[in-house]
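Assemble the whole structure, with the sequences as input and the hints as a guide.
Okay, here's what each chain looks like letter by letter:
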Amino acid sequence: MRGFWVRLFFLGPAGVLVLLFFLLPVVLTLFLSLTDLSTVTFSQPRVVGLANYLELLRDPSFPLILKNTLKYVALTLAFNVFMGLFLALSTNLLPDRLGEAFRALWLLPRITASVVYVLIWQGIAATAPYGLLSQVTGVSVNWIQQYPWAAVILANGFVGASFGMLLFSAAIKAIPTELFWAAAVDGAGIKATVRYVVLPLLRWPILFVTTYQTLSLLTSFEYILLLTDGGPGFYTTEVWALYAYHLAFSNYYGNARFGLGAAMAAILVLVGLLVSLLYLRLFNFRHLLEVPRIEVE
Amino acid sequence: MKGWIGVLGFALLASGLAQQTITLQAWTIGPEEASRTRATNLVEAAEELNRILEAERAPYRVRVETSFETTSWDNYHRRLLLAFQSGRAPDIVQTTHVDIGAYAEGGYIVPLEEYLGRYRTFQEVVPALWSAVTYRGKRYGVPQDTEARPLYFNKTLLSKLGWTSSQIAGLAQAIREGRFTWEDLIRVGQEAVQKGVVRPGYAYWHRPVNGPDFYQFYYACGGTLQNPQTGKLVLDRTALGCMYGLLGRLVQTGVMTRDLLGMPWANWHNTVSSGQVLFASAGTWTWAQWATQYYAKDHGGYDYLWRTFGFALQPAVRPGGKPVTLSQPQVYLVTAASRNKELAVRLLSLVTQPKYDAKHAVGSAHLPILRTTYVLPEVRNDRFLQSVRYMLDYTTYQAMSPDWGVYADAIFRGISAVEGGQLSPEAAVDLVAKDLRAKLGDRIEIR
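Those protein sequence lines, which keep their order, are chains S and L.
7 is the number of the first residue of the first sequence in this note's numbering; add one for each residue after it.
4 is the number of the first residue of the second sequence in this note's numbering; add one for each residue after it.
Be careful, since some hints might not be right.
Stated by the list, open to error - Selected chain S positions facing chain L (Cβ under 8 Å, derived; list incomplete):
#	residue
1	Glu61
2	Asp65
3	Asn148
4	Gln151
5	Tyr153
6	Gly237
7	Gly239
8	Phe255
9	Tyr258
10	Tyr259
11	Asn261
What the hints assert, rightly or not - Computed list of chain L residues with no C-beta within reach of chain S, every gap over 10 Å:
#	residue
12	Glu51
13	Gln126
14	Gln170
15	Gly199
16	Gln232
17	Arg321
18	Gly324
19	Gln356
20	Arg386
21	Tyr397
Read the hints as simulated data drawn from the structure, not as lab findings.
For each residue, glycine too, the CB sits at the ideal point set by N, CA and C.
Put into structure tokens, the structure is as follows:
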């Protein structure tokens, strides 16, 4: 019995946090998604069952938003993981101080406030005489409006890549030096070392980065909101989470539809769960948790 | 004697202590800087109210705490909504009249009928503005200002294009009489682009974000927004097709840039007011906004504007058709959360006086709401206000409905699809009709 209390004592604080900030919002979101809560009905919301979900299914923009979300997550994720990996590998091949300097540089977008970061992008991309790129190239267009997807993916990617870079660098540093010596003795060059020594040992961090970033990309929209606000034109870069935000909180006329927004968020929770399970399967999570077969003291 | 002074002093002290200060909170928005009088007029009216209260020997005084939003309507609406929902709404809220439908249905604001009859100042308000604040037969707000939305044209660029000064001077009248239509504007715009007077896409600009201006096209195309009998919103497919067709053509002919939607307001104002765009649809307040912010501020202010720009109604779509403009009156609303509703309305009755109305109108280039304001010398002598006043005869309004926001969002979605070149006007009409049918069911009439 004493063991139970000790466990509760240690797990309690974290448990309460998880309950309050993770589980409760999900339950609330699910409940909200079954009501017609909006600006208009705020004083007397009604429970409308699955009406919000049906409305989403009938929404003619639904397929486009879905496609945009897939495109955004897939391309940004690819950029983040590969760029992160590339940065980690390349900066580790450099002398330590130089490598660290480069990594610090890549952290800048992440530590810059998102609004400031996007203001810089806008400053670079605006039409002449306001924009740097237009001035330099002599082609006066709004580059973000012209290439909205490139802007969205790169702006997100520059922030996201540093996440993978940090984790992968740390993981590479943690690989016992003996393994590199052994590889060198066996005649492996840089390519073979990366292929047969580093990458297999990075499986865990790669799984983690991929899963974590997929989930955070699915729900993130702040940079898109600030860069293109889902435009230009007809929902060109509008993704699921942004659409939910627009429906529930933001538009010129201030008509917020919380119920509908919650339904979209609820679907996102479900998708997130499914994706996580899929990844665990794909990366053979159980195998990763096995007791290591090599142990270097 | 000393004893009497003591008693008197004590009595004064006691009356001073007993006097209560009631704080009224008021939230206002420009977002343009020049409209700050929406907040400061309230503060001045409160001083006036305090003098009256003093004369009445009332045991309380009023203090007004105002905030003035200068960012965007989107932010302001969100802030209001969160305040309403957390039960911490201010006493008075200034917003556009179309919000009344949704806010009244949501129970955030209260009808003012029982108070309005008590104050004489309200009787001078232009009657049409009372209809603009009426929802389900009750008046929910006190009009704050109104305006028209002109088409500005750049006189310097027109003369570069070879127009004579009498041609330029006659343009507003030609538009008013339906002799200069959107087709003419497209023709002139294309010519300006071809001759290099403006950059491609810089011959005509409308606003860069969602908003009321677009319904001017819809009205010019003969559209109706609301069925007066049923109060239901109306989607006129023919008029919407005509409007989308026109907007699409503006882009395809190279008259209007495809990059327009989503452009930051600051860039928009700087580009237009610095003389790089031939025609632009904006509001009367834009005149004051340009003079006090952006490019014109440092380049001669009003003198520069009068030299450079002319203004007219939004043209008709076909020869002999009716030109239009649109007004979106601003209103002061009293919130359900206010604990001093009666006092709030009393304050509003004082701010609804010609002197405040005139100060705001002259300073911000909005139009007065009181008939009696037009006779004041500062308004009579204001060249701009006098020059745009006739536009109110051509004005239209948006529809007052709790579903207006949903409707307007769908229409705007169609606009962005057509201008972005993703949908044909016909396909956009179909999409919007389908979307609104799904969202509003039988609360919308699609014709």
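Let me make sure I understand: some of the numbered hints might not hold for this structure. Which ones are they, in numerical order? 5
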